[in-house]
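Each chain, letter by letter, is given below.
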Amino acid sequence: MRSFQLALGAAVLLASLLVAATTQMIKPRPVVLIPTLSQQPEYCLTCHGDLPNISAAHPVKTFGCVVCHGGERLALDEDLAHSTMRGGANPSDFAVVEQSCGGSQCHSGSAADRRDHIQRAMTSVQSTYAGAIANILYTFGAQPDLTARYGVSAVVDEVVNTSTGVAALKPFDAASFANPFIQQFGRNCTSCHINAQPSDEDAYTRFTGCAACHSPLANEDSTARDTATHVLTTAIPYTQCNKCHNRGNYDLRTMTFVPRSDHPVDRLHAYYQPIAQFVKCEYTLDCIDCHTRTEAMGDGDIHSSKKEIQYIRCKTCHGTLTDLSTTMTLTDSNNVEFRLAQLNPVVELNIGDRVLATEKGEALWNTRVLPDGSYELVGKATGERFKIRPVKGSGCTQNPDEQASQYCHECHAVER
Amino acid sequence: MKSHSRRDFMKVVTSYLLGVTGVLGIAGVARFLAFESAPRPQTAFDLGPASDFPLNSRTRLNSIPALLIRKESGYVALSLLCTHLGCTVEDAPEGFICPCHGSRYDAQGAVQRGPAADPLRHLGVEIMADGRLTLYTA
Chain A
7 MRSFQLALGA AVLLASLLVA ATTQMIKPRP VVLIPTLSQQ PEYCLTCHGD LPNISAAHPV
67 KTFGCVVCHG GERLALDEDL AHSTMRGGAN PSDFAVVEQS CGGSQCHSGS AADRRDHIQR
127 AMTSVQSTYA GAIANILYTF GAQPDLTARY GVSAVVDEVV NTSTGVAALK PFDAASFANP
187 FIQQFGRNCT SCHINAQPSD EDAYTRFTGC AACHSPLANE DSTARDTATH VLTTAIPYTQ
247 CNKCHNRGNY DLRTMTFVPR SDHPVDRLHA YYQPIAQFVK CEYTLDCIDC HTRTEAMGDG
307 DIHSSKKEIQ YIRCKTCHGT LTDLSTTMTL TDSNNVEFRL AQLNPVVELN IGDRVLATEK
367 GEALWNTRVL PDGSYELVGK ATGERFKIRP VKGSGCTQNP DEQASQYCHE CHAVER
Chain B
59 MKSHSRRDFM KVVTSYLLGV TGVLGIAGVA RFLAFESAPR PQTAFDLGPA SDFPLNSRTR
119 LNSIPALLIR KESGYVALSL LCTHLGCTVE DAPEGFICPC HGSRYDAQGA VQRGPAADPL
179 RHLGVEIMAD GRLTLYTA
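These protein sequence lines map, in sequence, to chains A and B. The first sequence begins at 7 in the working numbering and counts up by one. The second sequence begins at 59 in the working numbering and counts up by one.
Excised from the complex, chain B in its bound form (with noise of 0.2 Å):
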């Protein structure tokens, strides 16, 4: 029977703490190769065909935050962060109220009371040649 000497074990436990180093090394460098950053903020938002949108419909897409008003002569978006720090307005009777500090737009996004000094933004809509509709925030 072939003796094993104390070398030839340290050899083995060697080869072993080594290859399984190796093996979780791999794996760290894959992970850090797979590694995908936050993706940027979506800035185009696809709204789905225009036809959903009816003539003089006023359409609030909450996860945006837009409000859509489908007019005689198109489409119009209007940003619903007010412009004073960004909160979201919400719908009152003549236009929106932002509950965070009482910023007060008419149903245009025109100011009406501040502390917001400008109007509601107006966002981009495009009709694209497949008779969808985009939303561009920025």
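In isolation and in its complexed conformation, chain A is listed as follows (with noise of 0.2 Å):
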């Protein structure tokens, strides 16, 4: 008996060895890098080595992968080696963004220097969602006015800069509201923002934080399921931003959003819903041509509602009736608009230029005063360039006082 429990011992015992070598065998020979921003030896490559780089100016060579997505940076094991990532595949994720893309020489730095884009991003209404929520709640009487009291997420801006801007905003709990629309808003609709994550359906296939914008997914058909890719991009096509805009209704009756039931299979049906009025450049251009970074992004202040972060106007490029669109000219090569030509190299800027700029003084660095007084538009996420007409000058009879989009509507919308 005994000889027996000593040779069973040492087939025991000769396994575990064999399984311990077997499992060093079939372990991945590492392959290491050495970024120039940690300098620090990372494995990361030894699997993801055909991932490309996510964007120019975040170079694996230089970066690697562990300063913006965490994770254990010598495991060869892949659950061990992901334990203990940031924001699973997406460290843009608002719940770890400081640590993932901050830092006051990357995405968190001070407003003087235009580095402030997790700030900004954070206390805007597409993350705090604060106006949908003012305007239900008073709509429902649960508040005297439209002025934002609640965010998805308490939020607190210490430096409030404008006239319209809020100091603070309470988490929203629509539980601890009577009305029972609120209650239903608050079940059903406040996933429309973008630090949560979108429901399971195809209409709302996204990112959160800032990869809800800049990292467009592979499949622009919108009947199917997008993939994901690792890709971060300032030129960011119209597809992207109907990841949220246009994709359906809201019904206030039963307080659910109804998505659209057409598949809009060219352009000038895919960008707006059925009953809206536009013009021939908003369904020709993509948004961000017009809509600045600040627009999107926030300024910085909590806001009650998007019309007071939303400032371009048909008039921003073309003018009205006795005035010209106002213009710059290009002094200071520091300024965040070479910064931004030169992430999206659609146009190549020099000292000197003369573009387009909004009522608030950003130059609009897409455009151009050319050399015979004319001005153009670059298209941000496809380069095409286009002529800007200027209402002075033309056979336009607006009345100068109006100069919102649906006074330009009522002559120039595109009929369908």
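Just so you know, nobody snuck in bad clues.
25 Å max Cα-Cα, derived SDA-like pairs, lysine to any residue:
hint, chain 1, residue 1, chain 2, residue 2
1, A, Lys67, B, Ile122
2, A, Lys67, B, Ala168
3, A, Lys67, B, Ala150
Read the hints as simulated data drawn from the structure, not as lab findings.
Hey, can you piece these two chains together into the complex? The hints should help.
Written out as structure tokens, the structure reads:
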């Protein structure tokens, strides 16, 4: 009996050793990368060597993977290597964005150097959803006006710079309101902002955080499920904006979102909901060709409505009957427009170039005053060139006091 | 003919198993002892004979990456890592440009446009006793 036990023990010992040796043998040979930025070796490329650089501004040789994604840099076991990743596959999720994308040299610098991306995005209406919440609470009598008091989560702005800015928002808890419509809104509608996971339906497919806009999904066919890509870009096509906008309508009676039932096959029909009015440039250009980074990502203040932060109008580019649009001459190569043009090189900017400017004094860097005095716009996502026709000197009969888009739509709306 | 008992058989099996285990164990220990950790990043680079770099030449050393400038006064080396986040700068008509975030430097490495705030780093260059150049990155 004793000899049998000894043999069994020896067999178990040998088996254990063989298992350990086999485990070691099947481990891949690590591919070592020592990024310039961290100077710490990481083995991520052992499995992920086929991924392209996420953007020209983030080459893997300089950044590596871990500085953005986290994870166990020297682990070769998949589960262990991924166990401490920030935000799963999306380190730009707002729950972890400060650790992933922050830092004064990266995306949470000062407003003065225009590197306060994270602070602005997290206080923007795209993140707080404050406008929709305020509207619903006001509509159902739960607050006396449309000033935002709640966001999808609590947020504080220590320095309020604008007259419409709000100092802080409390977290919205729909269950604390007696009104059933508000409760229903809380259940059905509060995933409609960029720091919430979208519902698990094709029409909602997008990332959270920065990647909601800056990581376009691979499939532009809105009828199919999109796939994730390892891309960060500032050349955001309208199809990415449509991941949230133009998806359908809200039914206030049932407090639900009703996805559009049509399946548009061309740009003209994909862009807007069936009953909306729009002009040619609104379905020819991409959204970011006109709307600025401040409009999209916020100005750092908490606002009660997107109307408070949306200021580009038709006249910004086309001017009025009496005035041509505002222009400015680029004089400082350290200004943000040069950085933006470098990140998305659809135009080559030079000191002395004249471009159109917004009413807030921002350079619309993808426009140009040509030597003959005419204006041109270059599509940020397409590189396509468009002539901008001024209202002044045209046959336009607009009332100078009526500059909102609906007045332009009265004559210039496209029929479908 | 000598008969073998069951116990003898088990002894042989046990000896065999322990023998193989021992050999495998020794191999494992040998492998452990022979493990070499990844070498530290190289900080000294032999550039070859100093005479290979003619007067007023500017030689880009992409593998380091650095720029070696031979002047009347001697040898000067500039790191080609952008001082913003460490991307390798590229040659531009007026000096260097960082392809990542657009920082620009003049031909001497001084910042012309941010986001970089500091000039390109000067690296140490030494002419060795045998006439060869060594460049130090740290």
